[in-house]
Amino acid sequence: MSREKNVIIAKDLYLEYKKDVPIIKDSTFSIKSGSFVFITGPSGSGKSTLLKSFYGELKPKGGNLQIGGVSLNDIKSSKLAFLRKYLGIIFQDYKLIKEWTVEKNVMLPLLIAGYSKDVCEAQTKRLLKHVRLSGKENYYPLELSGGEQQRVAMARALAHNPVIILADEPTGNLDEYSSRVIWNLLEGANEQLGTTVVVVTHSIPNNLKVPFKHFYIENGTVYEIS
Amino acid sequence: MRSLKNHISLIIPLFAILFAVEFYFIISKIISEYEVNLSKDYSIIVVSKKPLTLPELKAVEPDIALIQEVDSDLIIKRLKQNGVDVNYEELKNFLPHFYKVYLSSFPSADMLEHIKQVLRGIDGVTRVETFTKVHEKMYHFLIFLKKISKFFLGIIFVTSIMLVFKQIEIWNLEHSERMYIMALFGAPLWMRNAILIKLSVIDTVISTILVYLIYSYLLSTKYLKELLGFENITISSQDLLKDMGWLFALGILISVVNVLIVSWRQPKIA
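For the protein sequence lines, the chains are L and H, in the order given. Residue numbering for the first sequence is 1 to 226, as defined by my numbering. Residue numbering for the second sequence is 1 to 270, as defined by my numbering.
Some hints here could point you the wrong way.
[Said to hold, decoys possible] Subject to a maximum C-alpha distance of 30 Å in a straight line, what follows is the list of computed DSBU-like cross-link-like pairs (lysine-lysine):
| no. | chain 1 | residue 1 | chain 2 | residue 2 |
| --- | --- | --- | --- | --- |
| 1 | L | K76 | H | K100 |
| 2 | H | K242 | L | K95 |
| 3 | H | K92 | L | K104 |
| 4 | H | K5 | H | K58 |
| 5 | H | K77 | L | K95 |
| 6 | L | K59 | L | K79 |
| 7 | H | K92 | H | K77 |
| 8 | L | K11 | L | K61 |
| 9 | H | K166 | L | K98 |
| 10 | H | K49 | H | K5 |
| 11 | L | K98 | H | K198 |
| 12 | L | K136 | L | K125 |
| 13 | L | K79 | H | K198 |
| 14 | L | K98 | L | K25 |
| 15 | L | K117 | H | K198 |
| 16 | L | K98 | H | K40 |
| 17 | H | K225 | H | K137 |
| 18 | H | K40 | H | K198 |
| 19 | L | K95 | H | K92 |
| 20 | L | K85 | H | K58 |
| 21 | L | K11 | L | K129 |
| 22 | L | K136 | H | K58 |
| 23 | L | K85 | L | K32 |
| 24 | H | K198 | L | K104 |
| 25 | L | K213 | L | K11 |
| 26 | L | K61 | L | K98 |
| 27 | L | K98 | L | K76 |
| 28 | L | K61 | L | K25 |
| 29 | H | K137 | L | K125 |
| 30 | L | K5 | L | K18 |
| 31 | L | K104 | L | K79 |
These are calculated hints, taken from the structure and not from any lab test.
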């Protein structure tokens, strides 16, 4: 997945939860490798649904959707599990495993990728320092503030150097400090590592330093507006 | 505390199932040894004008294990004791051959009737006595015991499986979120289920050890030792250990099926 190559290609994409009630329809677009993309739109327009289809939680009911050259229309679970190893996902509600410590949560993608314990520990330590959470390795998610939990989720999403980061309202409920940390990390990953970043949000931050593309969803159709 | 509760919730039904299965194993072993002992003591009396040999009998009925000719002097002696007034020397010359026929296994009533017919068909055989009434009484008692233990096993099994399913519901609630998140990051099925598999294996080991300890204790009690010893039946600790291997395998099978059901019932991620 080199730069300038399309990593996400949607052709006449059709997504629905209930039969014949489309959430996304007639949408054709593509996202280049290494780009920073915002997807915006009014509440209930289907932004999160579109993102779900990118990580295979919702299969297209029509058209075609490809991630990294792999069609998600009729993907098998084993292949989907393999594809997800190349994705870093950030959710608005963090989706941390509450029975696990911060350290183990961050380690999750590394454990899945089969790295040794030493590598996992070193990488986790480095990432927690990046998200300003050093010393909180042994805390449980519920012992942290919302902002801190999202920073843990951010560290987890970056842990395995994913090819694509998919973020659903990553700073929706966060304080200014945590929001800044999250945007800095997303920018850093995109700029320094060439990671493709796709962010679903209500509003695009003003002080972003990286160039970005903007997709807007209206009446179920995805438009590229810049 | 929660973890202990988690373990106990699975150990109890697993223990009940394994305990019932071992009970069935032991009852079956006691019955089969008892049958062997009975067949050793049990014999059919055959009266024949001609002498009979074991190969000759085996040719018509392979289940025959041994024949023993009853000494005619013994018969004469018994008649003398009973004061029967005959010429014993003359009688001795006219007496037919009496045989005790032993079988290799304890026969069912139908099998016994079949053997009786076969023996009657042999040239020279004038009478076959199977002592059917005594035999049937004992045989029916054994069958009854076997049925009772099967019934007992069935009830315990069904009840325990219901408890296991209850536990599956709890696991489903407790682990679904974690397994869902792991799946989102591409964890394979075995990794998502690793905690449950570990939990199941530990609980199966504990349940199997508990069953072993309890049966070891029960079989070493004076009452059971005397009861089994009286019938010449032995259940060694080696027999018990061998059974534990089977019980452990059964426990693992039940646990793995549990885990598979839990993962099957997870919300499908695409």
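- prompt: Among the hints numbered above, which are violated by the structure, and what are their numbers in rising order?
  reply: 1, 2, 3, 4, 5, 10, 14, 16, 18, 19, 20, 21, 22, 26, 29 and 30
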